[in-house]
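Engineer: Chain by chain, the residues:
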Amino acid sequence: QQQVKQSPQSLIVQKGGISIINCAYENTAFDYFPWYQQFPGKGPALLIAIRPDVSEKKEGRFTISFNKSAKQFSLHIMDSQPGDSATYFCAAHVRYTGNQFYFGTGTSLTVIP
Amino acid sequence: NAGVTQTPKFQVLKTGQSMTLQCAQDMNHNSMYWYRQDPGMGLRLIYYSASEGTTDKGEVPNGYNVSRLNKREFSLRLESAAPSQTSVYFCASRGTVDYNEQFFGPGTRLTVL
Numbered sequence: 001q002q003q004v005k006q007s008p009q010s011l012i013v014q015k016g017g018i019s020i021i022n023c024a025y026e027n028t029a030f031d032y033f034p035w036y037q038q039f040p041g042k043g044p045a046l047l048i049a050i051r052p053d054v055s056e057k058k059e060g061r062f063t064i065s066f067n068k069s070a071k072q073f074s075l076h077i078m079d080s081q082p083g084d085s086a087t088y089f090c091a092a093h094v095r096y097t098g099n100q101f102y103f104g105t106g107t108s109l110t111v112i113p
Numbered sequence: 001n002a003g004v005t006q007t008p009k010f011q012v013l014k015t016g017q018s019m020t021l022q023c024a025q026d027m028n029h030n031s032m033y034w035y036r037q038d039p040g041m042g043l044r045l046i047y048y049s050a051s052e053g054t055t056d057k058g059e060v061p062n063g064y065n066v067s068r069l070n071k072r073e074f075s076l077r078l079e080s081a082a083p084s085q086t087s088v089y090f091c092a093s094r095g096t097v098d099y100n101e102q103f104f105g106p107g108t109r110l111t112v113l
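Here the protein sequences come in this chain order: A and B.
Read in the working numbering, the first sequence has 79 at position 79, and its numbers run on one by one without any break.
Read in the working numbering, the second sequence has 79 at position 79, and its numbers run on one by one without any break.
Any given hint could be a false lead.
[Stated by the list, open to error] Some chain B residues near chain A, calculated using beta-carbon distances under 7 Å:
| id | residue |
| --- | --- |
| 1 | G42 |
| 2 | L43 |
| 3 | G105 |
| 4 | P106 |
| 5 | G107 |
In short, the hints are calculated from the structure, not lab data.
Since the structure is predicted, the reported quantities are computational estimates derived from the model, not experimental observations.
Glycine is no exception: its CB is placed at the ideal position from the N, C-alpha and C atoms.
From just these sequences and the hints, can you work out the full model?
Structural biologist: Structure, rendered in structure tokens:
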């Protein structure tokens, strides 16, 4: 059973456009929600993260929107660039099972020049 | 400061063979993790070690064993490889402060024939 559900599976956006990736969860024990970026042949790297007591976090062109009541969070990439083409994973952290992270299934983003 | 290193980078095994994937980190992190990444499945936790001398099962531990050799090193062993274990394996480490990010290694691509 997938603890964190991510959509869409793939996304194609024009350069300068907005990329939006969505995630949903059920477990209210999750207490930290990071997004990871992964380029081909590389390991995932932390992009941006949010705690559930905050509704939005922005770092440069990347923004996380968090809706605690709906148990949903999303990544927005403004002014998308070809260099943003990568796979993006959302994740959720839970402390009571030994600080485990549960990952979404990933979104392959392609930004067309 | 190499971060998280993994060896080997690629490996091909025949069904029934055994092998050990090596992971080391130089960030003095207490927690270390082993994940497998499969298309459409995201990253799934195999085993983790919250501190030197302790290991615990994650979501998909069957067919694997781990050893936390010391604070730096965390190895993953496949005793009798099966084609279902064909995957990309990532090691990660994490500091002790809450919400610290996980740092991932470059991965090991394993094919079991």
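Engineer: For every hint, state whether the structure bears it out.
Structural biologist: Against the structure, the hints:
no., hint, result
1, G42, "holds, 4 Å"
2, L43, "holds, 4 Å"
3, G105, "holds, 5 Å"
4, P106, "holds, 5 Å"
5, G107, "holds, 5 Å"
Checked against the numbered hints given earlier, the structure satisfies every one of them.
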